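J.: Model the full structure from these sequences, guided by the hints.
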Amino acid sequence: MVSVDQARHLDPPARSAHPALPDASTRAGADARQRRERWYRALLVGPGLLTIGIFLGVPIVIIFVFSFLSPATYGGVEWEFSYEAYRQFLFDRDIFDESLVFNSAYLEIFLRSLLLAVFSVVACLLLGFPTAFFIATRPAARRNLWIFAITLPFWTNLLIRTFCILLILRERGLINNTLIWLGAIDEPIPMMYTDFSMGVGLVYSYLPFMVLPLYANLEKLDFRLLEAAHDLYASRWRAFRWVVLPHAKSGIIAGSVLVFVPSLGTFLAPDLLGGGKRLMIGNLIQLQFMSSRNWPFGAAVAVILLASIMAILVAYVLYNNRQASVQPEDKP
Amino acid sequence: MSGRAGRTRIGRFPGFGTIAWVCLGCLYLPILILVVFSFNANRAVTIWSGFSVDWYLRAAENDGLQQAAVNSLIVAVIATLVATAMATGIALATSRGPVFRGTTAILAVVSMPMMIPEIVIAVGTLSFFVLAGIKLGLGNVIIAHCVFCIPFAYLPIRARLQVMDPRLDEVARDLYASSWNTFRLITFPLLLPGILSGAMLAFIISLDDYIITAMVGGAGTSTLPIYVYTMLRLGVTPEINAISTVLLAVSVVFVSGSYFLGRKGKSSP
Amino acid sequence: MKAKSVILNATIAGALSIAPAAGLAEGELNIFNWGEYTSMEMIEKFEKEYDVSVTIDAYDSNETMLAKIKAGATGYDIAVPGDYMVAIMIEEDMLEKVEPNQMPNYENLDERWKNVYWDPGNHYSIPWNWGTTTFVINTNVYKGDIHTLALLFDPPPELQGRINLLRDVNDVINAALRYLDLPRCNSNPDDLRKLLDLLINVKPHIKSFAYESKELINSGEVDIAQIWNGFSLRARRERPEMHYAYPREGFTGWMDNLVVLKDAENLENAKLFLNFMMDPENAAMQSNFTAYANGVKGSEQYISAEILESPEYQPPEWAPEPEFVPPCGPEVVKMYDRIWTNFLK
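Residue numbers (this note's numbering), protein chains in the order written: chain E, 648 to 979; chain H, 777 to 1045; chain D, 58 to 402.
Hints are computed from structural coordinates only; laboratory data are not their basis.
Errors might be hidden in some of the hints.
Every beta carbon over 10 angstroms from chain E, so not counted as near; a handful from chain H, in silico [unchecked claim]:
| id | residue |
| --- | --- |
| 1 | S825 |
| 2 | V829 |
| 3 | Q843 |
Across the chosen pairs, the derived CB separations fall in these ranges [claimed, not checked]:
| id | chain 1 | residue 1 | chain 2 | residue 2 | range |
| --- | --- | --- | --- | --- | --- |
| 4 | D | P213 | E | R888 | 43 to 51 angstroms |
| 5 | D | R294 | E | V712 | 33 to 41 angstroms |
| 6 | E | A958 | D | Q217 | 51 to 59 angstroms |
| 7 | D | Q217 | H | V1029 | 29 to 37 angstroms |
| 8 | E | N824 | H | F1030 | 33 to 41 angstroms |
| 9 | D | T196 | H | F1030 | 48 to 56 angstroms |
| 10 | D | E101 | H | F1030 | 45 to 53 angstroms |
| 11 | D | I257 | E | V712 | 35 to 43 angstroms |
| 12 | D | D108 | H | G878 | 57 to 65 angstroms |
| 13 | H | W824 | E | L773 | 30 to 38 angstroms |
| 14 | D | G129 | E | R682 | 56 to 64 angstroms |
| 15 | H | A817 | D | T205 | 38 to 46 angstroms |
| 16 | E | E834 | H | V1028 | 37 to 45 angstroms |
It should be emphasised that the depicted structure is a prediction, and the values quoted were computed from it without experimental measurement.
Heads up, the beta-carbon is just placed ideally off N, CA and C, and yes, glycines get one too.
T.: Spelled out as structure tokens, the structure:
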């Protein structure tokens, strides 16, 4: 049985030639049709793009402008040009003798957040991939049930979920109480307010962002390829390496981006579960807009963060385009 | 279909099923605690001291809490509907028909709201609303939520469109179906599962937002996250568990509904 | 697909029209206050007495409130800033000069609060609640003298790793400065070096920086925690082995104040509310809910005995006077920010 997908790939030229046939008598009609297509497209894209363009574009421009202004005494900005905020990120007047020195504090915070985000991606991938794959191999009706089951907990508010994790991990929480009751330990194991609890919080928050795109991807996997690999005496894991992984690449990347970005900017998990002991980039930005009352610096850190994320994404898009040009049938 | 049977046999990797079940268990453990302690007689959220529905009664009497929950739902429902509609439009335009210039740029713009830390969007949006003199109370919150819900709604819809056969559209058009009819009778039903999962993601994202809502909202626009967050200093009371359980139950009904709808959408063509 | 975008536009328009009609109807009052910090019993009484419908929204810190009001968020008539924040808001011209000192109930106000640094003569503000910020400690775990900051900054072995500090630059730095016997709002480099050294030395012993002190104490996660006196009282209801300390090195006093925001839409109702809160019975309702003192003479006869007789409400004779710390200048704020960043980097 040939799938529709494969059938589509058999005649790409016919398809692309379809809208405008090279026939003089129909050219005017084709032009009109193209014009209409453009109109439809504008109507389809317009509302969404306008909304984002105005209600996100303008705020970003405002933040960008803020980052080049001077801080007002009690928060807000003075309309006075300054690149002080960017300088502050790397160099600081020495805290005690006012000389200009390289300051690693903000870079350390930045790198730690990056590390945490990478950890969060890896952990979500390690848990999410098998889960998504397992779901994709269930019978069709069961699959939807699984997706439903995975999404359901997330209909409870994030804060409340985070708070419930606290109830499980703390010294008189569920885990410790159970272990003590079982006699496995005498003293509670401290788990709250550690890197561990922070990691648990992040993974718990963002796991579905990994599972859902991966599942969408794996569901399309042609399992006959696995059968073919099996027939050719490939071991299970070789088949996984050479059949499943290449197919799942785009899903893995999409899921990773979805987990990576919010993890990078998170402030809830570090504060509530990490005990606020170490600043993450999200906390740093928040602090600047709040008690430190240095909006330009907060804005500058945000711009730097945004630029880093953009750089990563541009790399991703370029990579994707290259992939697409290698395998043209992947294009819609 | 032979493929289906093969799916389960060859596609089995040792340990994957275990991990999936463990994941599911871990996802539900906090929720279970939430629900169990909403029936706790004790005020302390940690110690079980007997069954009671007191907290539900208390929650039923707490106007502020209810208002917050209602605001949350209003914002989430409207933002989800609007964002999903917009995302569907963009997904249709970027995935159907010949590839056109600017697709990549559009994709970049659509994913923007996901890429920016919330506090930055929050301060920027608040400043913008003030500069532009937009004072719509809950409307401000809804606009802000629409913006960051769009990319989350967009992703699953586009994913669905990519596996749909575009020739179905063309066939319909060749049979002189109008664009609207093509959309209504062919594209939309096929796309429905994607739209539903997009809407689901958008809804979750909207329900969870704290910092943007806290900044952008005006008088009388507190949502549930704001209520809970500002309560943290004092410690969360089981009232929160109670109202969360109620919302969860509503969600189950709602999602079950959309699940069956989704099944219909999948099997109908 | 035109039809679709029409529907879409209609949806947007529908969404926009949901905006609450704040300020249009008469008899409204919008209060912006800390979370769980308003006695609803008292609010209901006010609503009944003046036929005003009150809406309350919550914030989680002075700074969140300031940032939001500063950016121009409007719709609120009344806010409840802390003492130093009142000073800032007056300087920034963010408050309406409503002259509470001319109001009928002003005579009820305790003389102690009529000449405060943040608003001498009460031209803008009246007291809401006031209290102290020290710490609460588990005396089952630590048997010695509890009234010293050394327990936080040079903890004995049994308290190491069992400490919670408030996640607040000023609360932590001010306590540390008192322990070092150095002046507040300090920008002296030598002093700040000592301060940073002290903080970095004690950091390994600190379990968490959190506002949720009460929750942490009740759950037994920590044995000593920086906290406000009213929360301490509420925490002790569940954990009687806890005790509120009055460190001899000194401690912070604070007052949250009712102020009317500039260009409040419901100015008259806001004034009514300020006057209403200076009535002893009404102020007492608020105190009974939060377990904090108010600033109104004669309210004590309506406050519950549990609160009145608690050590949180009645400091011992020998305890030092609480210190109300004014807002520090921009240079100091900048230095504190750098200390905080280096402390938590």
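J.: Could one say that the CB atoms of E/N824 and H/F1030 fall in the range 33 to 41 angstroms?
T.: holds, 34 angstroms
J.: Does the Cβ-Cβ separation between D/G129 and E/R682 fall within 56 to 64 angstroms?
T.: At 45 angstroms between Cβs, range violated.
J.: Could you say whether the range 35 to 43 angstroms given as a hint is met by the Cβ separation of D/I257 and E/V712?
T.: holds, 37 angstroms
J.: Check the following: the C-beta atoms of E/A958 and D/Q217 are separated by a distance inside 51 to 59 angstroms.
T.: violated, 43 angstroms
J.: Given a hinted range of 45 to 53 angstroms, is it respected by the beta-carbon distance of D/E101 and H/F1030?
T.: violated, 34 angstroms
J.: The hint says 38 to 46 angstroms between H/A817 and D/T205; measuring C-beta to C-beta, is that right?
T.: holds, 39 angstroms
J.: Is the nearest Cβ of chain E still more than 10 angstroms from the Cβ of H/V829?
T.: At about 19 angstroms from chain E, H/V829 clears the 10 angstroms cut-off, so the statement holds.
J.: CB of H/W824 to CB of E/L773, is that within 30 to 38 angstroms?
T.: holds, 34 angstroms
J.: Say whether it holds or is violated: H/Q843 keeps its Cβ farther than 10 angstroms from all Cβ of chain E.
T.: holds, 15 angstroms
J.: Check the following: the C-beta atoms of D/P213 and E/R888 are separated by a distance inside 43 to 51 angstroms.
T.: violated, 57 angstroms
J.: Could you check that no beta carbon of chain E comes within 10 angstroms of the beta carbon of H/S825?
T.: Fine: 14 angstroms to the nearest Cβ keeps H/S825 off the interface.
J.: Cβ-Cβ distance between D/R294 and E/V712: within 33 to 41 angstroms?
T.: Given about 51 angstroms between the Cβ atoms, the range is violated.
When each numbered hint is compared with the structure, violations occur for hints 4, 5, 6, 7, 10, 14.
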